[in-house]
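Whenever a hint applies, use it, and build me the whole structure from the sequences.
Number of protein chains: 4
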Amino acid sequence: MSKVHEECGVFGIFCPEKMDVAPSVYYGLFALQHRGQESCGITVNDDGVFSTYKDAGLVNDVFTADIIKSLGQGNMAIGHVRYSTAEESERINAQPIVVNHIKGKMALAQNGTMINYTELREELELEGAIFHTRSDTEVLSYLITQERINSQSIEEAVSKAVDRVTGACSLLVMSPAKLIAYRDKKGFRPLCYGKTVDGSYVVASESCALDAAGAHLIRELEPGEILVFDKEGVRSLKEHCGKEKCALCVFEYIYFARPDSIIDGCSVHMARRRAGQFLAQDCPADADVVIGVPDSGLDAALGYAQQSGIPYGLGFIKNKYIGRTFIAPGQSNREDKVRIKLNPVSETVKGKRVVLVDDSIVRGTTCARIVNLLREAGATEVHMRSSAPPFIDICYYGTDIDSKDSLIAANHTIDEIAKILNVDSLGFLNPEHVDKLADPNGGKTYCDACFTGKFPTELPKSGKKFKFDAKISDKKLTIE
Amino acid sequence: MSKVHEECGVFGIFCPEKMDVAPSVYYGLFALQHRGQESCGITVNDDGVFSTYKDAGLVNDVFTADIIKSLGQGNMAIGHVRYSTAEESERINAQPIVVNHIKGKMALAQNGTMINYTELREELELEGAIFHTRSDTEVLSYLITQERINSQSIEEAVSKAVDRVTGACSLLVMSPAKLIAYRDKKGFRPLCYGKTVDGSYVVASESCALDAAGAHLIRELEPGEILVFDKEGVRSLKEHCGKEKCALCVFEYIYFARPDSIIDGCSVHMARRRAGQFLAQDCPADADVVIGVPDSGLDAALGYAQQSGIPYGLGFIKNKYIGRTFIAPGQSNREDKVRIKLNPVSETVKGKRVVLVDDSIVRGTTCARIVNLLREAGATEVHMRSSAPPFIDICYYGTDIDSKDSLIAANHTIDEIAKILNVDSLGFLNPEHVDKLADPNGGKTYCDACFTGKFPTELPKSGKKFKFDAKISDKKLTIE
Amino acid sequence: MSKVHEECGVFGIFCPEKMDVAPSVYYGLFALQHRGQESCGITVNDDGVFSTYKDAGLVNDVFTADIIKSLGQGNMAIGHVRYSTAEESERINAQPIVVNHIKGKMALAQNGTMINYTELREELELEGAIFHTRSDTEVLSYLITQERINSQSIEEAVSKAVDRVTGACSLLVMSPAKLIAYRDKKGFRPLCYGKTVDGSYVVASESCALDAAGAHLIRELEPGEILVFDKEGVRSLKEHCGKEKCALCVFEYIYFARPDSIIDGCSVHMARRRAGQFLAQDCPADADVVIGVPDSGLDAALGYAQQSGIPYGLGFIKNKYIGRTFIAPGQSNREDKVRIKLNPVSETVKGKRVVLVDDSIVRGTTCARIVNLLREAGATEVHMRSSAPPFIDICYYGTDIDSKDSLIAANHTIDEIAKILNVDSLGFLNPEHVDKLADPNGGKTYCDACFTGKFPTELPKSGKKFKFDAKISDKKLTIE
Amino acid sequence: MSKVHEECGVFGIFCPEKMDVAPSVYYGLFALQHRGQESCGITVNDDGVFSTYKDAGLVNDVFTADIIKSLGQGNMAIGHVRYSTAEESERINAQPIVVNHIKGKMALAQNGTMINYTELREELELEGAIFHTRSDTEVLSYLITQERINSQSIEEAVSKAVDRVTGACSLLVMSPAKLIAYRDKKGFRPLCYGKTVDGSYVVASESCALDAAGAHLIRELEPGEILVFDKEGVRSLKEHCGKEKCALCVFEYIYFARPDSIIDGCSVHMARRRAGQFLAQDCPADADVVIGVPDSGLDAALGYAQQSGIPYGLGFIKNKYIGRTFIAPGQSNREDKVRIKLNPVSETVKGKRVVLVDDSIVRGTTCARIVNLLREAGATEVHMRSSAPPFIDICYYGTDIDSKDSLIAANHTIDEIAKILNVDSLGFLNPEHVDKLADPNGGKTYCDACFTGKFPTELPKSGKKFKFDAKISDKKLTIE
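Chains as they are written, first to last, in the working numbering: chain A, 1 to 480; chain B, 1 to 480; chain C, 1 to 480; chain D, 1 to 480.
No false leads were slipped in.
One copy or two, either will do: identical chains are not told apart, so a pair holds if it fits within one copy or between any two.
Subject to a maximum C-alpha distance of 30 angstroms in a straight line, what follows is the list of computed BS3-like cross-link-like pairs (lysine-lysine):
(1) 404 x 245
(2) 160 x 231
(3) 350 x 444
(4) 341 x 318
(5) 243 x 195
(6) 337 x 318
(7) 341 x 69
(8) 320 x 350
(9) 318 x 350
(10) 337 x 320
(11) 419 x 350
(12) 160 x 103
(13) 341 x 320
(14) 337 x 69
(15) 195 x 341
(16) 318 x 195
(17) 461 x 103
(18) 238 x 444
(19) 320 x 436
Read the hints as simulated data drawn from the structure, not as lab findings. All figures in this text were calculated on a predicted structure; none of them were measured in a lab.
Structure representation (structure tokens):
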């Protein structure tokens with residue numbers, strides 16, 4: 001029932017001495033599971049000997065106690081969770097990617113999407129490179145390896161390599177002796193680090209993973225910053241910092257990130273509650289109760305209730321046993337499937353005028369069914385409120401919105417959408433409030449291209465996101 | 001992390017004509033999953049030919065699309081979810097139990113616990129019976145089979161058989177031509193029925209399962225009532241009704257049932273919110289925010305907030321990928337395991353005086369850790385409130401509280417508990433309010449033996465719940 | 001590719017003191033795997049506490065090292081392998097069957113088929129018994145339990161119970177303190193016992209299982225004999241012995257048993273080689289090489305070669321990786337499937353006149369394809385020889401030949417069969433030689449009903465083998 | 001229980017038109033399973049779009065009907081079975097290796113071992129290549145890709161690339177439009193091709209795979225020959241032929257290949273029977289029966305019996321249910337494990353002087369136990385005969401004999417071995433007969449380095465087989 005998929009989460013740990021590092025990565029990845037459910041992997045570094053396990057599946061399913069144990073001890077490790085589209089063979093694209101090279105060995109894990117992937121890959125292939133996956137992380141591995149020949153250190157090679165890349169890139173690189181973290185110059189995706197009580201450094205896509213690993217948050221990496229963790233401690237390289245305008249994906253605050261995470265100093269829960277507050281100002285409603293769509297609409301619903309003075313209610317029970325293996329035998333339509341997962345609490349809505357808050361309205365299909373469930377449960381009016389502005393354009397920076405065709409707001413007016421959703425009124429967050437979610441005083445800049453169509457980078461030359469070239473390039477590569 | 005386990009849920013459907021009945025049972029059991037996660041099963045009745053599939057595991061894991069399909073069509077079906085203690089072999093005790101007998105064939109599914117199990121089993125064995133399981137449902141199957149010899153109908157046999165049984169018993173019996181539902185004379189466990197738009201009757205432990213199967217609730221069965229569903233429609237036999245004082249388990253309202261269910265005409269969510277309201281009156285607190293322990297404390301927390309005027313907050317994020325396969329590698333203590341599942345939202349609690357509401361405090365171990373998480377997240381004060389009275393005695397009627405030893409309130413004063421939990425204040429629901437949760441005007445009677453030690457039936461002669469005799473009786477049966 | 005299926009194998013062990021008994025049973029069952037591949041099970045008896053594990057599948061797949069370990073130590077154990085027809089739910093019918101009864105506890109495992117099953121089951125049901133399976137072993141468990149009430153000992157109860165049964169029955173019964181073995185009065189199925197160097201007694205369907213468990217063979221049980229193993233040692237009860245004419249299934253020598261087993265004092269390999277020798281006398285051929293169909297025709301082929309003086313050759317290579325999971329994608333016909341499993345060695349047969357020996361010709365389909373493979377490989381003539389007489393009637397005593405319809409020899413003359421099989425000549429063992437396979441001096445009597453239609457017992461009153469009543473009785477049992 | 005492991009088998013098919021090619025490859029690989037049991041894979045080529053599935057496991061387990069179906073139709077396909085040592089991660093090394101490159105796409109599958117692997121890999125890495133596996137096939141993929149830049153065709157690139165490689169190499173390369181097969185200049189490993197009735201060309205490691213795919217054998221590729229299959233038919237490129245002395249591995253005849261295969265025009269079964277005949281001349285015995293160790297010693301035993309006039313017997317029954325999942329619970333020693341798999345037929349050996357023929361004696365451990373089993377079964381004398389000469393040196397050309405330490409004949413005299421094995425006499429094939437196994441007239445040359453220590457190529461510069469550098473190179477690659 002989710003609308004937009006994040007494409008990755010990363011986690012790394014550097015310990016002062018050899019220890020059981022795989023469990024920490026396991027807990028970290030488990031906390032980042034919402035960022036990618038297709039595949040996951042861990043690479044443990046024991047004094048230069050790397051042990052890797054990765055496979056398609058959830059963290060919980062892929063990593064048994066035996067496998068965690070088999071990864072052994074080490075003084076460093078990195079991990080990755082990944083979302084991928086159905087057309088791709090998932091297992092081969094799982095990360096970390098491990099490179100065994102005479103000029104240096106490394107493991108890589110990345111959250112991002114490369115805009116100039118096609119150009120870089122062609123250039124590398126013409127120089128003799130062979131690719132095994134369609135992952136842009138493999139391109140990065142080649143770039144770094146190339147740069148190492150004329151670099152004094154692995155961090156210098158990383159620094160030179162990332163300078164050739166356009167797009168979102170929160171990257172971890174582990175060499176035999178160092179753990180390197182990099183957040184791209186625009187800071188599209190979050191990446192933060194912290195420290196445990198026993199002195200280990202932890203770096204992760206979100207701070208909730210630091211919590212899970214028992215580390216306290218130090219801070220977010222600056223856009224463009226490179227952190228080097230090694231025996232000497234941690235060093236920050238800022239040569240790429242401050243060159244470009246920050247463009248953190250605002251959808252991290254609205255939907256992707258976990259509410260208990262803190263991104264760039266702001267609580268995600270607070271940003272969402274604030275979205276609800278703005279929404280109550282932007283689109284008030286005359287109603288008896290405010291409810292949120294579990295789980296992503298709950299924070300904003302609370303904010304809306306607090307701002308409007310309308311009582312907050314628990315509107316739905318979500319079946320917590322829903323898992324990836326859930327089947328829907330004999331279901332003639334999508335509607336019943338929603339009901340199995342989400343059942344209204346009739347006591348809350350019966351005979352009531354209901355404000356229904358969700359984080360966003362992307363395709364609108366699930367939303368329409370939820371409204372219907374409320375009406376069946378006796379709601380007299382349903383006032384739909386989205387704590388994000390209308391979603392109108394595709395995303396090139398690490399999510400799976402690849403076409404405008406399915407975006408309801410890209411193809412309909414608000415009145416039309418209200419009719420489609422069968423609601424008594426419909427309101428979206430005012431786009432002007434987007435920049436104020438994390439900091440009501442504003443001043444920060446975000447990527448909000450999905451709401452505005454204003455992209456902070458050049459777009460792919462082909463005009464398409466690279467992964468959709470798969471079948472085409474397969475043919476094109478056919479020389480004989 | 002759950003404290004008390006319900007031991008079963010049942011679901012049955014009777015259709016006017018042959019159709020795909022297994023999917024409906026699947027959805028119903030899926031909605032009842034919280035009542036039993038150890039094993040589950042479905043029996044489909046196709047004109048007298050029974051097809052059964054049952055195994056240890058969650059509904060979602062046991063029933064694949066192929067298995068659901070293999071159960072075929074039918075005009076009736078029953079299903080069961082079961083919780084069982086670890087000592088027993090789970091697969092063999094899975095229900096429905098199917099009996100192929102020359103005097104009549106039947107399938108049984110039950111939610112309950114028989115007080116006079118040991119006496120009845122001994123009596124039956126001395127008459128030649130052989131038992132394959134330790135399930136009291138198997139004793140019921142013998143009793144009904146015995147009674148059939150001198151009965152005019154299966155319902156008469158059921159009626160005579162249940163009269164020999166003491167204890168909790170919400171029972172479904174399916175014969176080739178009839179579906180029979182029975183709720184014991186005291187009504188310990190809920191059992192309700194409803195009807196779908198296509199005219200099928202559905203009977204289930206809770207109304208949330210009716211919702212999942214697309215049926216609307218008609219009403220709860222009365223204590224002692226037998227319903228017979230057959231080609232003629234539905235008939236109610238009330239010969240056992242009104243003979244005993246109602247003793248519905250009040251813990252169904254407090255913890256077991258799903259908040260979206262309606263039991264005996266009262267919304268479970270409402271009963272819990274009302275518990276929170278009473279609690280705010282009984283044990284007020286001077287605080288900045290009210291939060292609930294997910295998921296079972298959320299309803300009462302909302303009630304507490306509304307009654308007290310203290311703002312309601314989202315205090316924790318529960319990792320929704322936690323499943324039965326979750327492992328905790330390298331964890332030295334239980335505390336970290338809690339943190340992985342439940343992470344505080346620091347924005348909500350940092351620098352705040354927090355009222356923490358949970359449905360009940362049974363053993364207290366998880367509770368103590370949760371308090372600790374709040375303090376680590378910056379809460380300045382933690383005022384713990386339980387929306388149930390102190391839990392002080394064991395339960396003989398279908399849950400897994402088998403000894404007082406582990407019950408914190410049976411062994412400590414409230415002050416001691418407050419110290420153990422490390423809270424600034426501690427309050428429990430006033431026992432006088434228990435009878436008013438479902439109906440503030442009172443008048444209804446409940447089983448609240450766990451809070452009072454006043455049991456509404458005689459107790460087992462052995463003084464022990466039968467399942468704990470397992471190893472002992474194994475030895476005792478050794479003649480040669 | 002096999003033609004006739006045996007329906008069971010049993011194994012039991014009684015040790016002078018507590019030890020790891022499950023591994024011995026595992027090895028024994030593994031050696032008896034050819035007698036039943038559908039399900040298997042083991043029950044370990046630790047001073048009256050029984051631990052059982054059974055499931056559908058091969059011994060190798062069902063029993064992991066962890067499961068074997070979980071069965072724990074004991075001073076006795078029994079096990080079972082089972083073949084069953086597809087219509088039955090396999091898991092529920094797996095043995096051992098364990099009975100927990102106030103009058104005594106026991107576990108049973110049986111190889112056999114009860115002729116008067118229907119009568120006995122009806123009688124028991126009318127007395128109040130409830131059956132969970134269609135297994136005749138469950139009927140036995142009731143009979144023994146009934147008899148215990150007026151018996152001084154478990155062996156007396158077994159003795160009385162088996163007296164009420166007609167048919168094949170090699171039975172193991174384990175009580176808390178005793179292991180009892182019984183072979184029916186006609187001795188249809190083999191059952192032997194032996195002793196290990198550490199003083200444990202082992203009883204098994206075939207001596208190859210004794211070898212696997214490290215025991216030396218003492219002797220076959222006599223038809224009708226009851227052996228009691230307990231702390232005092234072993235005692236033989238012979239009250240049922242010598243009352244009926246021996247009717248050991250001669251197909252055990254011809255096909256079922258493993259060639260390395262010794263049954264009733266005669267090597268199975270020797271009996272098969274002798275069958276080949278008789279066959280060479282009965283049906284000589286003018287040929288260049290004698291080959292056997294792997295694996296069941298190899299012994300007789302060697303006997304034929306030795307008797308005839310025609311060189312023995314290795315005619316086929318059987319793919320040893322064929323397992324139960326083998327699939328045959330894209331195969332338009334059964335013929336190719338045979339080729340994948342069995343490939344001719346062209347060097348052996350090219351340009352040669354070949355004598356092809358198989359143990360028997362039951363349905364003839366696989367046989368025809370094998371002949372074709374030889375011709376494709378260049379054989380100039382193929383002379384087919386069966387080391388059993390024509391198979392013309394159904395079997396009521398523990399195998400799966402349930403109808404004459406598919407028996408080629410019951411529906412065609414030898415000339416017709418030769419044409420169907422496309423052979424240059426066809427010969428069967430002379431029925432007169434059947435009684436001389438194990439002992440050329442004769443004197444022993446066998447059940448050879450499949451070759452003669454002369455059944456050594458009365459037949460089921462229904463005229464049908466009971467398992468085929470399954471669907472019918474399902475309907476018949478429908479009272480309401 | 002096997003002694004020496006082959007390291008690979010390859011299979012390819014080129015069809016005149018699009019069809020279901022995966023089943024043919026499946027059957028082919030299934031027939032080649034004895035050449036590699038660790039992993040397997042298939043790549044189907046549908047007009048330039050490649051579909052690949054590969055994993056660790058047996059062909060039967062890895063390829064389900066669904067997976068075979070998902071590979072779809074195509075006009076070409078290649079497949080691979082692989083044996084690998086335990087230290088390596090198996091899944092990542094599975095073949096075919098698929099290369100997606102702007103200069104051309106291809107899939108590769110190889111049976112062989114590269115002597116100059118380390119030098120070539122270092123050279124390639126210094127030019128910018130990144131390797132994902134330790135497989136020498138990945139080195140080949142780089143070499144071919146490099147050569148394509150200045151080549152007119154894929155076959156020209158293959159021809160140039162293989163010229164840079166020393167060692168055993170039977171290689172299949174599939175481009176979008178062509179299937180190319182290459183056998184190295186010394187012809188270390190077999191590689192043959194044939195044609196089906198529907199006009200498809202099939203190329204495989206052994207002819208038994210052609211049989212399984214319904215193709216008739218045309219001939220073995222010549223050492224050094226490149227075959228190109230495309231829409232025009234098949235073309236042979238012989239530029240590398242005749243430059244070096246043939247060095248086919250003689251152990252293919254002795255042990256590796258399936259007896260029903262024909263290699264270089266000679267039946268493997270015949271070569272083994274001839275080995276037995278020579279052995280009877282070289283090392284006669286005064287005995288009563290000749291038996292072979294199943295399955296590899298059976299052909300030679302038959303030859304020995306025929307030459308010596310001593311009767312041939314079936315000495316052992318091999319449990320055919322032994323699979324990869326077989327466990328050996330509670331076994332204190334290796335001896336019992338052998339007995340479970342192999343049981344003597346006492347009738348054959350009791351009281352007899354036995355000639356026991358095995359194909360070779362490598363480590364001798366299993367052999368000693370087998371002799372012991374015979375003595376326990378009553379053999380009065382055991383005369384051991386090996387149909388290969390003493391195995392004294394390691395192998396660099398595609399098998400897993402990596403050290404002399406475990407080779408019994410490299411460390412003991414024949415008398416010492418006889419004592420270790422506890423045999424009455426011991427004889428090995430005279431090394432002079434090795435060259436005459438396939439053709440008694442001789443004239444052919446073989447690699448018999450394992451018997452002579454005379455290696456037909458230079459050895460690795462490191463003096464070690466590359467795979468054993470794994471851990472060392474892991475460390476060496478650690479720059480920082």
